[in-house]
Every structure is written in structure tokens, then in C-alpha cells.
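Throw the hints in and build the complete structure from the sequences for me.
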Amino acid sequence: MINNNNNFSDISSMSASVYYGDGQYLTGVIGATGTNGTSGTSGVNGSSGTSGYNGSSGTSGVNGSSGTSGIAGSSGTSGIAGSSGTSGTSQTAAGSFGITVDGGGSVIPTGLRGFVVIPYSGTITEWTIIADQSGSSVVDIWKSTYAGAPPTIANTITGSALPTLTASQKAQSSTLTGWTTSVTTGDVIGFNVNSASTITRLNLSIKITKS
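Going by my numbering, the sequence shown runs without a break in its numbering and finishes at 211.
These aren't lab readings, by the way, just hints derived from the structure by calculation. Mixed in with the good hints, there may be bad ones.
[Said to hold, decoys possible] Restricting the straight-line Cα-Cα distance to at most 25 Å, the calculated cross-link-like pairs of lysine to any residue (SDA-like) are:
#: 1; residue 1: 210; residue 2: 176
#: 2; residue 1: 170; residue 2: 135
#: 3; residue 1: 170; residue 2: 100
#: 4; residue 1: 210; residue 2: 150
#: 5; residue 1: 207; residue 2: 102
#: 6; residue 1: 210; residue 2: 115
#: 7; residue 1: 210; residue 2: 146
#: 8; residue 1: 207; residue 2: 123
#: 9; residue 1: 207; residue 2: 136
Written as C-alpha cells, this is what we have:
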């Protein structure tokens with residue numbers, strides 16, 4: 001018997017017709033099914049290959065030895081302290097200006113005899129007259145700025161206490177009643193001889209304290 005799945009069953013005693021394309025049928029007895037052959041023996045699996053050996057690790061290099069540190073030197077002995085120097089002399093703040101009047105062998109002439117420019121500021125503190133011989137003279141002092149130069153009698157700084165020599169060869173005073181005693185760098189000073197007798201040469205010096 002042939003089923004739809006082309007499987008054969010119970011074919012040991014059945015007959016069947018075989019159809020060919022020319023319309024003929026051949027009828028015969030289907031032979032008995034042969035016995036299945038025995039299964040072949042499975043092949044033996046080959047043995048696994050031997051694992052290779054790991055290479056040995058290289059030897060680590062030896063670290064170099066450290067250099068030896070030097071020994072610190074001992075501290076030197078401290079030097080002996082030097083002696084203190086001598087104190088210097090304090091700078092003086094004194095200054096002066098003045099004029100020399102020469103009559104050339106004759107009594108010194110009266111009137112305006114000359115000018116000086118003050119090189120530093122300060123305060124007038126004293127005047128001194130020295131003559132070549134005993135005699136008398138009165139000298140007035142005028143002051144102006146450089147811009148207002150030359151000074152005139154209107155610029156007198158002596159008040160009523162003019163430098164005066166009376167029948168003597170020298171005179172000096174720090175009593176400056178009525179004086180304008182301050183002077184400034186650049187001031188112009190004029191010297192006027194108001195009177196003179198006997199003396200032929202006179203020096204007037206004005207002392208100041210620098211500011």
C-alpha cells in the first residue's frame with residue numbers, strides 16, 4: 001500500500017501496479033524489504049596536541065647604588081667687631097656777604113658803591129665794619145628781588161640802626177632794631193655809603209644763618 005507521503009507499509013504480501021507515461025501498467029509482486037545493514041563503527045577521536053611551554057621571564061636589572069653624601073663643614077669662627085668711627089663735625093649753618101670800599105688813598109667816596117647777589121636763603125644776625133685806620137662812616141643796605149633790581153633807598157632793610165663806625169677802626173653789632181633780616185636766594189643787595197671821614201678803605205661784612 002502506498003500512502004500519500006510516499007511511505008511504504010505492510011508491503012511484504014502486497015502487489016502494486018506501476019504506472020508509466022505510455023498508459024501501461026506493469027503489475028508484479030513487490031519483494032520483501034531487505035534487512036538494514038549494521039551501522040559503521042565511529043572513528044576514534046585523535047588525541048589533543050601537547051601544549052607549548054611558556055618562555056621564561058627575563059631577569060630584572062640590578063639598581064645602581066646611590067652616591068655617598070659629603071660631610072658638612074664646621075662653621076667658621078666669627079670675626080672681631082671693628083671699633084666705631086669718630087663722629088663727624090656738624091656742618092655750620094653760618095654764612096656771610098659784604099663789600100669792600102677802597103678810596104685809592106683818599107677818603108672813601110659816598111653814594112652807591114656796589115651790589116651782591118645772595119646765594120642762599122637765611123636770616124641776618126650781625127654786621128661788622130673794619131677800616132684801614134681810625135675814622136667814621138655810616139653805610140646803608142638796600143635789598144630787592146632780581147626782577148626788581150637794582151635796589152634803591154626805597155628798599156632799605158636797616159631801619160634806624162644802620163651799620164656805623166664812630167672814631168674807631170672797627171665796629172660790630174647784633175642789635176638789628178627795625179631791620180628786615182630775612183633774605184632769599186637770588187635777592188640783590190646794594191651798599192650805599194651815607195658818610196665817611198678819615199678812612200680810605202672799609203670792609204662791611206653781614207653774617208647770616210642759612211635756612
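Results of checking the hints against the structure:
1. Taking the CA atoms of residue 210 and residue 176, the gap is about 17 Å. The hint holds against a cut of 25 Å.
2. Simply put, residue 170 and residue 135 have alpha-carbon atoms about 9 Å apart, close enough for the 25 Å limit, and the pair holds.
3. For a cut-off of 25 Å, the pair hint linking residue 170 to residue 100 stands: about 14 Å separates their Cα positions.
4. A threshold of 25 Å between alpha carbons decides the hint, and for residue 210 with residue 150 the separation of about 23 Å falls inside it, so the pair holds.
5. With a C-alpha separation of about 21 Å, the suggested pairing of residue 207 with residue 102 holds against the 25 Å cut-off.
6. Distance hint between residue 210 and residue 115 is fulfilled; the C-alpha atoms sit about 20 Å from each other, no more than 25 Å.
7. About 19 Å separates the Cα atoms of residue 210 and residue 146, which keeps this hinted pair within 25 Å; it holds.
8. For the proposed pair residue 207 and residue 123, the alpha carbon gap of about 8 Å is at most 25 Å, so the pair holds.
9. Between residue 207 and residue 136 the CA atoms are separated by roughly 21 Å; this keeps the pair inside 25 Å, and the hint holds.
Consistency with the previously given hints is maintained throughout, with no hint failing.
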